[in-house]
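*Asks:* Starting from the given sequences, assemble the full structure and let the hints guide the process.
Quick mapping for you: the protein sequence lines, in order, are chains F and Y.
Note that the numbering used here has the first sequence beginning at 1, numbered continuously upward.
Note that the numbering used here has the second sequence beginning at 1001, numbered continuously upward.
If you are wondering where the hints come from, they were derived from the structure by calculation, not from laboratory data.
Quick caveat: nothing in here was measured; it's all calculated off a predicted structure.
Among the hints, a few may not be true.
[What the hints assert, rightly or not] Incomplete in silico selection of chain Y near chain F, CB under 7 Å:
#1 A1181
#2 A1185
#3 S1196
[What the hints assert, rightly or not] Residues of chain Y placed beyond 12 Å of chain F at every Cβ, according to the derived structure:
#4 I1033
#5 G1079
#6 Q1247
C-beta: ideal position from N, C-alpha, C; glycine also.
Residues per chain, in single letters:
Number of protein chains: 2
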Amino acid sequence: MCEQIQPTQAEIFSFETPLELASGNQLPRYDLIYETYGELNADASNAILVCHALSGDHHVSGVDSDGKPGWWNGYIGPGKAIDTNEFFVVCSNNLGGCRGSTGPTSINPETGKVYGPDFPIMTCRDWVQSQNALREHLGIEQWVALVGGSMGGMQVLQWAIDYPEKLKHAIVIAAAPKLSAQNIAFNEVARRAIMSDPEFHEGRFIEHNTTPKGGLALARMLGHLTYLSDDMMGIKFGRELREGKLQYNFGVEFQVESYLRYQGEKFATKMNFDANTYLLMTKALDYFDPASEFEDDLSKALAQAQAKFLVVSFTSDWRFSPERSHEIVKALLDNDADVSYAEIQSEHGHDAFLLPNAHYEGVFRNYMQRVAQDAQVNGD
Amino acid sequence: MCEQIQPTQAEIFSFETPLELASGNQLPRYDLIYETYGELNADASNAILVCHALSGDHHVSGVDSDGKPGWWNGYIGPGKAIDTNEFFVVCSNNLGGCRGSTGPTSINPETGKVYGPDFPIMTCRDWVQSQNALREHLGIEQWVALVGGSMGGMQVLQWAIDYPEKLKHAIVIAAAPKLSAQNIAFNEVARRAIMSDPEFHEGRFIEHNTTPKGGLALARMLGHLTYLSDDMMGIKFGRELREGKLQYNFGVEFQVESYLRYQGEKFATKMNFDANTYLLMTKALDYFDPASEFEDDLSKALAQAQAKFLVVSFTSDWRFSPERSHEIVKALLDNDADVSYAEIQSEHGHDAFLLPNAHYEGVFRNYMQRVAQDAQVNGD
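*Replies:* Shown next, in the form of structure tokens:
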């Protein structure tokens, strides 16, 4: 029952066969970095794959050697909603990422130089394909569950469509079946911010020994704005002034300005997130639209899905609002799928999917008991 | 009844007495550029002042010598909701603007150089004070109505508080009694975009013979995002692709990207909006909070108002939502003020206050008949 205190360790698997991408391009070889938690049972029936969101990575649970907790550590671990005493949890960094999987900061074997802007555009489908190769490598015939929030939830949907027999449960949290025009517009402003930074050098900033910190910080500030709810920003910051009174200049005056600027700078400097990765991830989000190959009919797209679904949304999430989850639920019900849906009361906006919330945790735990039964049936 | 086809002509009035500003600074002298429409009646009882929003100017009605229609031409003119056959309408460019009133592009008399970033920070109170001087200059004892949308609506509120006996009617459209933390955060991201443009030169871009076009375009793109509703963007652009299919690159792919980029570039180049003005206007918005001087109690702030009020909001406006107008209405009702309120059904978001809408026009016209009666009573 006591939590493991050993630091998590990442593993890298190298795939030396080319990956055919949705764009028509090819990735000649690639590495996937991943972490695992818990033990794979004898017949490999208790494996869960967790898919990360835009700025996430493979370190989802526990504490790494730098003392950094995983991004979903509140919900995944021994005794937690996804109980690693029971499940074997896998999380990999997406291709195109900057945390160890092959991406823009990797060496292009064809040129011997860093990929930078030459790294091919990725899609959810490409990610799912690479994760499926990881599944085979790990000797897992079928995931007992796929779990993801936001962009991760989109990957879960893509998995359910592309490899219907490879997952038993699909847990789709704070996601949408495709981006709205407004979502795309926010991404485009963020991309413009990065690409118009003079330090961007058309994506070849590493070769120029620099990074487009200003543009990346701006993009992140804007991202944060869409992750938080208006109400929560009001509760958290209100109109509180840093110095207690108006300064009548263009310095940081309101607490909310200070917070956003800090978040932007942390992301661009301390976290050293790669700008090309940010661009790639937003583009994959824009492109995600599984219905587009099925006459723009999401019900048809999900007709081949075999998994049981849990869909979760949060009331104050205006990035991917509950209405967007309703679209997914409706399309699943059109197919008489086994679907549970929970709309969680929260003031935390899109960020809610990462934060403590008793109702959310209860829903998650309860559903995972169902998943555990399905794992045990196989495990017996 | 036939519409005037002569181009509108702007006038400039120069005030050679210093203006004491809320910041404690002083503007040694200033010009206000303004346009007027219709005729002032014998006892000057039919005068209406219109206050513009962030990027607006004094050209509110008719068509100027460049053929450009005024920004509220749909609602102000002969036979229109604000009927210039009946009313004498005045609109001035705010101080700190870049369309002819003294602002950052003007010459600082103390240095003989362009003000640029040395132009003092403006507040709604300062604007109202300067507009009150214009009122005196025009020989108008009392405006029969003050009218404004968005930032213009905030100025109307400030007028009602600062010069209660100088207006009979206050028409406050798509406004808020103060910005929320989220509103401030959007402004801050826009300011960062401008100030981190290398062509900004700490605001001295005119001296460097350049303009921070990229940053200004980004700020405007972001502004547009908050003016439009998610629904309207969906209806207008959806996920439509410019080239009909995905390009798998970082060019302009979706129609919504194309639209936003066009709007941003138009604002920064063709319209040649001054970046320092943009910064000043957003700051004045952030600072607007009349309740702050009344123990954060809007009811107390509005206790001294004597005007009759019309407050209008639009259902899909998420920049200044109907709830923000409710705050104003509630504070007025706390004071037993004469207040009418209309919540207009619209998909157009914040922009709705500028666009054709039968219900909105009906409300506006009806209310203006009340205003006309009050003008006539005096006029008789």
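*Asks:* Less than 7 Å between beta-carbons is the criterion; does S1196 of chain Y satisfy it with respect to chain F?
*Replies:* holds, 4 Å
*Asks:* Taking the shortest Cβ-to-Cβ distance between Q1247 of chain Y and chain F, state whether it exceeds 12 Å.
*Replies:* Violated: least Cβ distance 9 Å, not greater than 12 Å.
*Asks:* Would I1033 of chain Y pass as off the interface with chain F, using Cβ distances and a cut of 12 Å?
*Replies:* holds, 24 Å
*Asks:* Checking the smallest CB distance to chain F, is G1079 of chain Y really beyond 12 Å?
*Replies:* The claim holds: G1079 of chain Y sits with its nearest Cβ about 36 Å from chain F, beyond 12 Å.
*Asks:* Verify the interface restraint on A1185 of chain Y: the C-beta must sit less than 7 Å from at least one C-beta of chain F.
*Replies:* With a minimum Cβ separation of about 5 Å from chain F (threshold 7 Å), the hint on A1185 of chain Y holds.
*Asks:* So, as I understand it, the hint says A1181 of chain Y touches chain F; can you test that by seeing if any CB pair is closer than 7 Å?
*Replies:* holds, 4 Å
Hint check: a violation occurs at hint 6 only; the rest are consistent with the structure.
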